[in-house]
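Enquirer: Please put together the full structure from these sequences, using the hints given.
For the sequence shown, position 12 (counting from the first letter as 1) is numbered 12 according to full-length UniProt numbering, and the numbering increases by one without interruption.
The hints are simulated quantities; they were obtained by calculation from the structure and are not laboratory data.
Please note that a few of the clues may not be correct.
Straight line, CA to CA, 30 angstroms or less: simulated DSS-like cross-link-like pairs of lysine-lysine [what the hints assert, rightly or not]:
hint	residue 1	residue 2
1	K32	K20
2	K32	K14
3	K23	K11
4	K27	K14
5	K12	K27
6	K12	K23
7	K27	K11
Computed beta-carbon distance windows for the label pairs [stated by the list, open to error]:
hint	residue 1	residue 2	range
8	T9	A29	29 to 39 angstroms
9	E26	D6	24 to 34 angstroms
10	G35	P4	43 to 53 angstroms
Idealized CB from N, CA, C, for every residue including glycine.
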Amino acid sequence: MSAPQDSPTRKKQKARRRRKLAKWREKQAAAKATGAKS
Numbered sequence: 001m002s003a004p005q006d007s008p009t010r011k012k013q014k015a016r017r018r019r020k021l022a023k024w025r026e027k028q029a030a031a032k033a034t035g036a037k038s
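Expert: As structure tokens, this is what we get:
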């Protein structure tokens, strides 16, 4: 039973993951800017 669009719960999970990913990428960029290897 696969719906064409994601369920509300799934949407929430995706949104949270996207936010986390964005924050992580931001941190990585900042680390690279300061020249810190992580």
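Enquirer: Now tell me, hint by hint, if it's right for this structure.
Expert: Evaluation of the provided hints:
Taken as a hint, the K32 and K20 pair is honoured in the structure, with Cα atoms around 18 angstroms apart against an allowance of 30 angstroms. Under the criterion of a C-alpha separation no larger than 30 angstroms, the hint pairing K32 with K14 is consistent with the structure, at around 27 angstroms. Between the alpha carbons of K23 and K11 the distance comes to roughly 18 angstroms, so the proposed pair stays at or under 30 angstroms and holds. Of the pairs offered as hints, the one joining K27 and K14 holds, with about 20 angstroms between alpha carbons and a cut-off of 30 angstroms not exceeded.
Our distance criterion of 30 angstroms between C-alpha atoms is met by K12 and K27, whose separation comes to about 23 angstroms. Between the alpha carbons of K12 and K23 the distance comes to roughly 17 angstroms, so the proposed pair stays at or under 30 angstroms and holds. Annotation: proposed proximity of K27 to K11 holds, straight-line Cα distance about 24 angstroms (limit 30 angstroms). In this structure the hint that T9 and A29 lie 29 to 39 angstroms apart at CB holds, the actual value being about 31 angstroms.
Restraint check, E26 to D6: a C-beta distance of roughly 25 angstroms satisfies the suggested window 24 to 34 angstroms. A C-beta distance of roughly 47 angstroms is found between G35 and P4, which places it inside the suggested range of 43 to 53 angstroms.
The structure meets every hint from the earlier list without exception.
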